[in-house]
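What follows is each chain in one-letter form.
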Amino acid sequence: MDRFEREALATRLLNAAGEGQLEALVHDEAVALTRFTQNAIHQNLAERDTSVRVRAIVDGRTGVAVTNDLSDASLRAVVERARAVAAFAPREDEPQGLVANSQPAAPPGAFVAATADASPADRARIVAETIGAVARAGLWAAGYVTTSRSGLTIANSRGTLVSFDGTDSGLNVKANGPDATGFAERYSSDVAALDGNALGTLAAQKAVSGAQPAAVEPGPWTVILEPAAFGELLSHLTEHFSAQAFDEGSSFLCDGLDRAYMGPNVTLADDFAHPLFAGRPFDFEGYPTRQLPLIASGVARHVVTDATWATELGLPNTGHGRPAPSASGPEPEHLVVSGGEKTVDQLIAETEHGLLITRFWYIRSVDQRKTIVTGMTRDGTFEIRDGRLVGGVRNLRFNQSILDALNHVEFSSTQSRTAGYSYNIVSPAAKIQNFHFTSTTDF
Amino acid sequence: MLSSDMLGFDAVAARALDTAVAAGATYADIRFEDARSERIEVRNGVLATLSDATSVGYGIRAFYDGAWGFAANSDLSDAGLDATAAQAVAIAKAGAAVAARRFAEAPTDRYVDEFATPVVRDPASVPLGERVALLLEAERALRATPQVRAGRAWIDLWRTDKRFYSTTGSRIMQRLYQTGSGISALAVGADDAQDRTYPGDVGLYQTGGWEIVEAAALTENAQRIGEEATALLTAPQCPAGELDVVLGSSQVSLQIHESCGHAAELDRVMGWEANFSGTSFLDPAQLGTLRYGSERVSIEIDNLMPRGLASVAYDDEGARSVRSDIVRDGLLVGFEMSRDTARTIGRETNACVRASSWRSVPMVRMCNLSLAPGDVPFEALFDGIAHGIYMESNRSWSIDDHRLNFQFGCQIGWEIVNGKRTRLVKNPTYAGVTPQFWNACDAIADANSWVAWGTPNCGKGEPMQTGRTTQGAAPARFRKVRVGVGYDG
Chain A
1 MDRFEREALA
11 TRLLNAAGEG
21 QLEALVHDEA
31 VALTRFTQNA
41 IHQNLAERDT
51 SVRVRAIVDG
61 RTGVAVTNDL
71 SDASLRAVVE
81 RARAVAAFAP
91 REDEPQGLVA
101 NSQPAAPPGA
111 FVAATADASP
121 ADRARIVAET
131 IGAVARAGLW
141 AAGYVTTSRS
151 GLTIANSRGT
161 LVSFDGTDSG
171 LNVKANGPDA
181 TGFAERYSSD
191 VAALDGNALG
201 TLAAQKAVSG
211 AQPAAVEPGP
221 WTVILEPAAF
231 GELLSHLTEH
241 FSAQAFDEGS
251 SFLCDGLDRA
261 YMGPNVTLAD
271 DFAHPLFAGR
281 PFDFEGYPTR
291 QLPLIASGVA
301 RHVVTDATWA
311 TELGLPNTGH
321 GRPAPSASGP
331 EPEHLVVSGG
341 EKTVDQLIAE
351 TEHGLLITRF
361 WYIRSVDQRK
371 TIVTGMTRDG
381 TFEIRDGRLV
391 GGVRNLRFNQ
401 SILDALNHVE
411 FSSTQSRTAG
421 YSYNIVSPAA
431 KIQNFHFTST
441 TDF
Chain B
1 MLSSDMLGFD
11 AVAARALDTA
21 VAAGATYADI
31 RFEDARSERI
41 EVRNGVLATL
51 SDATSVGYGI
61 RAFYDGAWGF
71 AANSDLSDAG
81 LDATAAQAVA
91 IAKAGAAVAA
101 RRFAEAPTDR
111 YVDEFATPVV
121 RDPASVPLGE
131 RVALLLEAER
141 ALRATPQVRA
151 GRAWIDLWRT
161 DKRFYSTTGS
171 RIMQRLYQTG
181 SGISALAVGA
191 DDAQDRTYPG
201 DVGLYQTGGW
211 EIVEAAALTE
221 NAQRIGEEAT
231 ALLTAPQCPA
241 GELDVVLGSS
251 QVSLQIHESC
261 GHAAELDRVM
271 GWEANFSGTS
281 FLDPAQLGTL
291 RYGSERVSIE
301 IDNLMPRGLA
311 SVAYDDEGAR
321 SVRSDIVRDG
331 LLVGFEMSRD
341 TARTIGRETN
351 ACVRASSWRS
361 VPMVRMCNLS
371 LAPGDVPFEA
381 LFDGIAHGIY
391 MESNRSWSID
401 DHRLNFQFGC
411 QIGWEIVNGK
421 RTRLVKNPTY
431 AGVTPQFWNA
441 CDAIADANSW
451 VAWGTPNCGK
461 GEPMQTGRTT
471 QGAAPARFRK
481 VRVGVGYDG
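Residue numbers (the working numbering), protein chains in the order written: chain A, 1 to 443; chain B, 1 to 489.
Hints are computed from structural coordinates only; laboratory data are not their basis.
Be aware that one or more of the hints could be misleading.
Stated by the list, open to error - Just some of the chain A residues that point at chain B, by a computed CB distance under 8 Å:
1. Glu47
2. Thr67
3. Ile372
4. Thr438
All values reported here derive from a predicted model rather than from experimental measurement.
Even for Gly, the Cβ is constructed at its ideal location relative to N, Cα and C.
Could you build the full structure based on these sequences and the hints that come with them?
Put into structure tokens, the structure is as follows:
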């Protein structure tokens, strides 16, 4: 469904609104993913769905109904259901009404036709290149190639009509050897950026150079976290920048903004327009998303808001709302960590004794307010001695305050985009002093 | 009633399967789903979510030359069905062209049947106003002290109709009711914030109707939960060291989920999840020989158990549910399997395949996997403990990508001294290695304190699928466990 079809559908829904205010959100997406393991494809799929979400506000009461049945009868019913649900909601003393917004500009490169049109054979070709590179090293590969396109239109009865079309693609590969593994990843709105041979080779090199991993002792270490590792660590900080967490007191920012929480070399922003993201320029209430400094030179500058939390706290709406109403509050979606001045090789060369870490796994909060998290290393952990990588080491578990880490950090100059199932971050590599490991494994 | 619901789909399914076969598939199946979900959530006296959603669509699996293709669509028109069936076959062919080995064989079994979740009271018969009022009352009671800065109360009601057809002639209709509810309080002090959730750590989620919400007794427990969150702000830190531990039933459930449920997924053992959620320390060669836990530990699959969140008569590749053992008297004896994975170890599937929705590819999931109850009353678990910790309700969970090295934290704990539960302690954590930990289990409480704990948000696969599973458990005792990790300096 293209933009014009979505906008026509949203307008039809608004025309059925009747009394009160109505918001219509039309989402159309197609996701394809080819997954491989042991040098062969084992899961291969394509998903296609179009859904509409209707928010009705009647007499200060809000109801929501959602359907993906686009028949005339269903579309009439979804509006009626939203209004009927609203009738059972308590009336809010100061209801958050809808507002009119105009179409913000999408960043360049957000939609790439070659990605939207990629075929199963296109994905299989990239898989074959990736597997080939790993197999040439005598290893087996596991990973995926994905391509997707997504179109979103939001309209409301106050005059908002905004649309965005984007594409995304990704290649994720783990090379598996007898006693060591390696990992590489790449994400881009343009499928042409996925180089199976290059990423397969990189993952294989890590697995080969990490063979016969040595046991090292837990304790405080100097670590260099590659972007995949540092990005996953930092993903556990994003919810702290929500106005809701800030107000509730579960955020580390609860002592207030305009205070230094991190080292002076730390600058974090939320920026949908960063070239490595090229993301959606408005939130799920149709409000334009601001490119926002969250931490500037270590000092907290902003939390992100939506319409509700902007009103609640008397702050500007930064356009970070989820589909409203939301019990979870707003959250940054496009975290960008500013880079430093040194290459990763320089950071390694300046390390007397430390660990280079490719990737983390299963990081979870241990203490939300203190930003203590635990997790494991995986897929390529190497010992550094006298400025040189000397070999692989067995995996370790850490317990670490993220804030403490960001007070003893140095960044590489180059950034890359890393992603997991719940985050999307542009990050450099990070060298951190006194990173706390608490146990080890036998692999 | 259910059979008549199939009639409108017979011709549609036949068209899709015929199209797949004409395109070259040697086997195909189609799974229609009509999912209705209602979410109500109250936060600090305000109705933060009141949503009523339907999602209708179908997924087609096509088999060609040893490879599967899967395509899903919400477009039920003839053109949509034809295109989706053809796409599934094209995907299978693209995969077969790359495959250096074959993972699959075409199924041959056939079932014609229907099933519905037993329901005492259909949630649809409970007026929406009554559901909202219950949550408003429970959430209000949570805010028992000024320190409770955020109270939440929620209900999830899910009804899913699944219709499965295959080219072997299977025709299966299932209507599933899954229901959940819970409350949580966030208390905030000068330099600390503490969460308490009830029941368990995500609420009580089971198959059934409104009776599951009533069983949760949210309002009756809300004030206590708010007060416990507040008391934790000033409670002493949980001691660190090697101590005996008693885990509440919901935490034992989480321990099963992470260290046995995921570890025993045979697709993970075979490396099918290697790049994402990892592999497993378990190996088919260990069947019947690996002492996974102490002889008190027996863990079994029962995908038809009453109230099990994954209870169905047939899984999402059309295989009939069965009971089977994973750990019997401490020995590893089985895995969670699909048809294709079971074949690799010379076994039959135990119907552990699920897809999180019509648009998701079916894969091996842990489903209903429970620890058999023991033979002592709950209070007797404290007997013989000179110094230990009793922990309840998960707060933090992390385990390595082989499912060995884990660290879990709970919301609340009590120190055990000379066989008695004594003072409240905060931030209790414990860590271990899976087989050593389960071998340190020397007592499990009896069936009186056994609960079928449902997990509504189990993540696995790419694209990520959110599975609904149950790990039934009673409280259990573990000796000489590393406690206090993460806070011990």
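Check your understanding: What are the numbers of the hints the structure violates, in ascending order?
Key -> Violated hints: none; all satisfied.
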